[in-house]
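One-letter residues, chain by chain:
2 protein chains.
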Amino acid sequence: MTAKGIQQLVENEIDKLNWKLTPYSLYEPIEYVLSLGGKRIRPVFTLLGCQLFDNTIEKALNPALAIEVFHNFTLLHDDIMDKAEMRRNQPTVHVKWDENRAILSGDAMLIKAYQLLAQCDTTALKSVLDVFSQTSVEVCEGQQYDMEFESRNDVSIDEYINMIRLKTAVLLAGSLKIGAICGGASAEDADLLYRFGIGIGIAFQLKDDYLDVYGDTAKFGKKIGGDICCNKKTFLLLTALKKADPETKAELLRQINANDFDKEEKIKAVSAIYEKLDIRTHTENAMKAYYEDAVQSLKKVSVPDEQKAELSVFAENLLYREN
Amino acid sequence: MTAKGIQQLVENEIDKLNWKLTPYSLYEPIEYVLSLGGKRIRPVFTLLGCQLFDNTIEKALNPALAIEVFHNFTLLHDDIMDKAEMRRNQPTVHVKWDENRAILSGDAMLIKAYQLLAQCDTTALKSVLDVFSQTSVEVCEGQQYDMEFESRNDVSIDEYINMIRLKTAVLLAGSLKIGAICGGASAEDADLLYRFGIGIGIAFQLKDDYLDVYGDTAKFGKKIGGDICCNKKTFLLLTALKKADPETKAELLRQINANDFDKEEKIKAVSAIYEKLDIRTHTENAMKAYYEDAVQSLKKVSVPDEQKAELSVFAENLLYREN
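Note that the protein sequences, when read in sequence, are chains A and B. Note that numbering that gives the first Met the number 0 numbers the first sequence so that position 55 is 54, with each residue one more than the last. Note that numbering that gives the first Met the number 0 numbers the second sequence so that position 150 is 149, with each residue one more than the last.
What the hints contain is simulated information worked out from the structure, not anything from laboratory work. This structure is a prediction, so every number in the text was calculated from the model and none was measured. No incorrect hints appear here.
As a list, the in silico BS3-like pairs of lysine-lysine whose alpha-carbon atoms are at most 30 Å apart:
#1 B:Lys231 / A:Lys19
#2 B:Lys95 / A:Lys231
#3 A:Lys15 / B:Lys125
#4 A:Lys95 / B:Lys82
#5 B:Lys95 / A:Lys95
#6 A:Lys82 / B:Lys82
#7 B:Lys19 / A:Lys231
#8 B:Lys231 / A:Lys95
#9 B:Lys15 / A:Lys125
#10 A:Lys125 / B:Lys19
Examples of chain B residues toward chain A, derived with CB under 8 Å:
#11 Leu25
#12 Asp106
#13 Ala107
#14 Ile110
#15 Tyr113
#16 Asp129
#17 Ser135
Which stretches of chain B does chain A cover? Using the computed rule of at least three CB atoms under 8 Å from a CB of chain A, they are:
#18 68-82
#19 98-105
#20 114-128
#21 142-156
Think of the CB as a built atom: it goes at the ideal place given N, C-alpha and C, for glycine as much as any other residue.
Model the full structure from these sequences, guided by the hints.
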């Protein structure tokens with residue numbers, strides 16, 4: 000099956016999940032967040048991962064849905080913690096209903112993810128469950144670091160990469176590994192796919208950081224410079240702080256620490272510093288390095304190269320995306 | 000093993016769980032809530048349930064710990080939703096740290112519960128997982144109803160019983176059933192134990208309602224009349240509203256709707272209405288009926304009566320407790 004076909008199938012299967020349960024007040028927010036769409040990258044990865052080793056994707060379908068439900072659960076709870084009011088151009092759950100509803104529906108959603116996961120082949124169940132739980136708890140660890148970084152001024156690039164590995168990459172990697180396990184892959188191949196996912200995931204998040212500054216507003220969907228305005232410790236900012244000479248660093252810190260500023264001016268000033276330090280190229284190089292590492296891992300997976308094309312192209316497109 | 004011995008063993012095993020993980024800021028609140036103690040009723044039920052069918056309790060140990068971790072996760076998140084500041088005479092997690100920490104540590108705790116659960120015998124894994132997830136999501140449903148009842152004035156006794164069945168009884172029942180499955184019980188016996196747990200669980204919550212009015216302050220640990228003061232829709236209040244003649248009902252509603260009142264006066268007035276309507280006896284009878292139903296189910300379990308004594312006495316003590 001093509002990635003596009005799988006993406007459509009995932010969309011249909013998510014639509015078919017039944018949330019008309021009692022009390023509906025608990026399940027309605029779950030139905031709502033899942034209906035808001037998204038790229039469905041993780042379940043597509045799971046099914047592509049399965050397809051590498053098995054002719055059908057059938058065996059990985061429930062785990063794929065479990066992962067998408069889990070991912071949306073993390074968005075739901077993260078939005079409470081980040082006090083985010085909008086998600087995919089719609090009000091977030093704690094805004095549309097209230098915070099209690101968002102906490103509790105999120106909890107139910109996490110349990111529902113496990114219920115879907117448990118519907119995989121019993122022979123694969125223990126392994127699938129172990130990868131899923133390990134991945135899930137690491138996503139929480141990533142979120143904890145992300146929140147802590149907000150109030151820290153000494154975050155290193157290594158710490159940042161570790162944070163995005165946990166918050167973003169492990170779930171992409173886990174999605175692929177779970178698919179591979181369901182498809183009957185060897186432990187070695189499953190681990191290689193996991194490593195592929197880590198590389199792609201880190202490169203994917205670096206691209207996100209990159210698009211905030213170098214994206215095309217019309218295509219990106221978000222306003223350019225949002226991360227700059229709120230002093231988000233992105234790869235770009237941390238690299239700039241590291242590479243800057245004392246004078247440039249002082250100017251960058253002055254921009255960061257300014258309490259009263261004009262948004263456009265700040266974006267312009269910080270972008271100019273990035274330009275001077277060639278942060279664009281540094282970020283592109285870092286992305287390429289993680290992507291290359293990912294590609295090397297995929298190469299080693301013991302199935303014919305032509306069978307890997309669908310996954311390889313899908314991952315490549317994620318990195319060459321403009322939104 | 001005696002229930003007392005099992006209780007001590009559970010306490011030791013909980014102490015042995017390692018929460019010195021990174022980032023510790025995520026795991027410290029988990030360590031904290033688990034260290035606050037409690038009766039450990041659910042894991043004791045799991046181990047007693049296992050012991051009924053197996054000579055050892057070994058096979059149910061990890062699921063028992065999983066259930067205790069899950070139970071404390073629900074308390075952690077419920078305390079945020081209920082804005083409770085104290086739990087077991089200590090500050091709640093969202094007070095001691097903050098709300099974000101309480102949400103995220105709770106999430107990690109739920110996942111950790113699944114990780115413990117997954118360490119049971121692989122032959123039992125699927126069944127144990129299904130009971131656990133079904134039970135867990137029902138506990139969320141119970142909490143949702145509980146919150147909704149706060150702002151409703153037409154809650155029926157049936158609705159109330161259904162709410163406490165979900166919020167309290169199913170976890171006791173699920174604890175027993177999971178223990179039974181780990182111990183190798185037949186599906187029929189596991190279901191009988193589940194039903195036993197439901198009866199005990201509902202009677203247990205009715206006793207909680209009862210102690211708020213008829214408990215001995217010194218033994219109860221909480222102030223008498225707390226439920227009356229905040230108009231909590233307990234079995235006692237709902238029964239009084241149902242049984243009262245129009246005049247008494249009007250007086251009871253006047254007490255409930257009063258915005259400005261003296262706490263002691265209100266407790267005295269509502270207690271007097273309960274006295275007049277003999278709510279004490281009604282509640283005792285309801286408790287007895289659920290307890291009797293539970294006992295009948297336990298009787299039908301196909302193991303010799305003497306082997307059931309430990310469980311039967313432990314459950315009985317829960318209902319004759321004074322705190």
